[in-house]
Amino acid sequence: MSRQAKILEIVQSVAKKQVTPGSDESLFDSGLLDSFALPDLVSALEVEYHVRVPDSDLNPRKFDTIERIESYLEGLL
Amino acid sequence: MILVSSGSSPRVFPGPAAEIASRLGLSDTPALDLPLASAGSLVAMSLANDLAVARGPILVIGTEIMSRVIRREPVDPGVAILFGDGAGACLIHPGKGLAKVVDSRIATDGAFSGDLALSHGLNFTMNGRSIILQASRKLPRIIQQVLERQGLTSHRVSAFLMHQANQNLMDRVADALSVERSLFFSNIRRYGNTSSASMLIAAREWFETGSIPAGELVCFAAFGAGLQWGCLLAEVLG
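Listed in order, the protein sequences are those of chains A and B. If you read the first sequence in the working numbering, its first letter stands for residue 1, the second for the next number, and so on. If you read the second sequence in the working numbering, its first letter stands for residue 1, the second for the next number, and so on.
Read the hints as simulated data drawn from the structure, not as lab findings. The reader is advised that the hints may include incorrect statements.
[What the hints assert, rightly or not] Derived DEER-like restraints, expressed as beta-carbon distance ranges:
#1 B/53 to A/49: 41 to 51 Å
#2 A/49 to B/26: 54 to 64 Å
#3 A/43 to B/216: 26 to 36 Å
#4 A/71 to B/114: 51 to 61 Å
#5 A/23 to B/53: 51 to 61 Å
#6 A/23 to B/76: 23 to 33 Å
#7 A/50 to B/144: 35 to 45 Å
#8 A/1 to B/10: 31 to 41 Å
#9 A/26 to B/168: 14 to 24 Å
[To be verified] Some, not all, of what chain A presents toward chain B, calculated at C-beta under 7 Å:
#10 2
#11 39
#12 72
[Stated by the list, open to error] EDC-like, lysine to aspartate or glutamate: derived pairs with alpha carbons at most 20 Å apart:
#13 A/62 to B/235
#14 A/6 to A/25
#15 B/100 to B/235
#16 A/16 to B/171
#17 A/17 to A/64
#18 A/17 to A/48
#19 A/6 to A/55
#20 A/62 to A/9
#21 A/16 to B/175
#22 A/62 to B/171
#23 A/17 to A/55
#24 A/62 to A/46
Note that the Cβ used here is the ideal one computed from N, Cα and C, for glycine as well.
The shape of chain B in the complex, shown without the other chains (with noise of 0.2 Å):
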């Protein structure tokens, strides 16, 4: 199966997940879209995780080209200049690979849809106040409440992979738990806002960065239009 998030997708339907299944020379795998933009990547792994066991190999995609939704007219430069084009994938397979997932919690809240919005034919709406002050709560509760019901704390966490909507949201959220903020991988500054491409580069990036020792704790989390946000605990393997 594959798992498209894309919030950038020209068109209604079928979205990117279909032609993306063909491009790999699948014809007869599911291939699903989850429209959901930034916490797309961290929903379909989630979901991922609970349906490989009874449908095998799972690859989750992220993939985004914010430059065509921002260049709509008329332009706001102070919200071009947030947002990069990019792509991401993980395989989510029931065996061994690079990390097991521990835990991971997603949830919903619809009340301030209106709030982060891309709407046929019409400008990305983003309410930025309403937005950071949901993301500084509802982001650290769901980490904790992923960690307590592992009976973790956040100081047992070796990395955060967080979705690269804004550094300074990702500091705020390490200031929340208590954990130093170097602890947050960041690459905004090289791509920007890639929405729900950009947990899956960070994650890559983050693996390329050395050898992760057997047993750490990675936490991945992202928060966005819906609002949709979620944690997933991870475990490196050696």
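Extracted from the complex, chain A is given alone in its bound form (with noise of 0.2 Å):
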């Protein structure tokens, strides 16, 4: 499973959705996450990847699209 593949999935667990977003489209305006899901998210991103995501990078930018998630994510792996 490729790694936006997987995101994908991350993500539609967190939302309880089985929306797919365009890879980058927004999270949010696609309806998939709100902001009360965006802390969960972050939470299983963390957990899935084994890394820690410091506070100063709790920006919602860093999380709206699936791409900008791998991408963020890369520079922490």
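Hints are included, so try docking the two chains, each in its own frame, into the full complex.
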């Protein structure tokens, strides 16, 4: 499974919705995420990829699309 | 001494502290403003606890007229509906009172200061996603830090009196601490978010709910613009 596919799986699991947005489509605008699902998504990514997202990186824009999440994680891994 | 927290004061300076002191008939008592908004009363309580030993009783006030803030044109109904007006106060006394401060911790992170702000002559700015994301991490963490410093766990706390910003946020903090959501006193459905006044109003209403046994622990916590956040642990006295 590609990293983008895995990220999408995590997003859908957190959102409890099977919506499949484009990789560059806003997860908020597509209705998958809201303000309160975002902290859960960050926590789920930390668990899945064994990383710790520092407070300074807790910027919603970093987690706005599948591509941005992938890009951010590549910087951490 | 009087410490007044208000993020909705109509004047740049002086803030409301001097006028409040005057209306209380005090003409030479230091009265200082903490224009921190949401977390202001928590910060003031923490500072007052440290200062009271040297300066004597300190009156902490949180007072907000949020309707003045949210009525600025163009009015955003989605934001306006969240807020309310209110005021609360407590006396931090170096002697005996309703409760004893066991420990407190306050913190500031200015990296996201633009995400919750009220600039002169401009509309209220709130990046809700950013604030919820930061608060969801920082609040449970600072509560844990204070409890751990005292060798305690969250299950030892009888009640959590949080800044009444958002019910979902309070539920999230409860879940992060693995305590029942019902332990987080909530009156937000009645008043909305009254910013720095909310935690003191909640505290007063919680104390009125019934006799609280001596020795019970109460955890105050707040998060807001700055970003400023903190936790204060108190023990109910008999």
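Against the structure, the hints:
1. B/53 to A/49: 41 to 51 Å: With a Cβ separation near 48 Å, residue 53 of chain B and residue 49 of chain A satisfy 41 to 51 Å, so the hint holds.
2. A/49 to B/26: 54 to 64 Å: At roughly 58 Å between Cβ atoms, residue 26 of chain B and residue 49 of chain A fall inside 54 to 64 Å, so the hint holds.
3. A/43 to B/216: 26 to 36 Å: Holds, at about 31 Å.
4. A/71 to B/114: 51 to 61 Å: The hint (51 to 61 Å, Cβ to Cβ) is violated, given that residue 71 of chain A and residue 114 of chain B are roughly 23 Å apart.
5. A/23 to B/53: 51 to 61 Å: holds, 59 Å
6. A/23 to B/76: 23 to 33 Å: holds, 32 Å
7. A/50 to B/144: 35 to 45 Å: Distance hint for residue 50 of chain A, residue 144 of chain B is violated at roughly 21 Å.
8. A/1 to B/10: 31 to 41 Å: violated, 57 Å
9. A/26 to B/168: 14 to 24 Å: Holds, since residue 26 of chain A and residue 168 of chain B (Cβ atoms, about 21 Å apart) stay within the stated range.
10. 2: Violated, because the Cβ-Cβ distance from residue 2 of chain A to chain B comes to roughly 26 Å (cut-off 7 Å).
11. 39: holds, 4 Å
12. 72: It is violated, given that the least Cβ distance between residue 72 of chain A and chain B is near 14 Å, above 7 Å.
13. A/62 to B/235: Distance ~41 Å between residue 62 of chain A and residue 235 of chain B Cα, so the pair is violated.
14. A/6 to A/25: holds, 16 Å
15. B/100 to B/235: Cα-Cα ~5 Å, so holds.
16. A/16 to B/171: holds, 19 Å
17. A/17 to A/64: holds, 16 Å
18. A/17 to A/48: holds, 19 Å
19. A/6 to A/55: violated, 24 Å
20. A/62 to A/9: holds, 18 Å
21. A/16 to B/175: It holds: about 18 Å lies between the C-alpha atoms, which stays within 20 Å.
22. A/62 to B/171: Roughly 25 Å between the alpha carbons, so the hint for residue 62 of chain A and residue 171 of chain B is violated.
23. A/17 to A/55: At roughly 27 Å apart (the allowed maximum being 20 Å), residue 55 of chain A and residue 17 of chain A break the hint.
24. A/62 to A/46: holds, 14 Å
Violated hints for the displayed structure, listed by number in ascending order: 4, 7, 8, 10, 12, 13, 19, 22 and 23.
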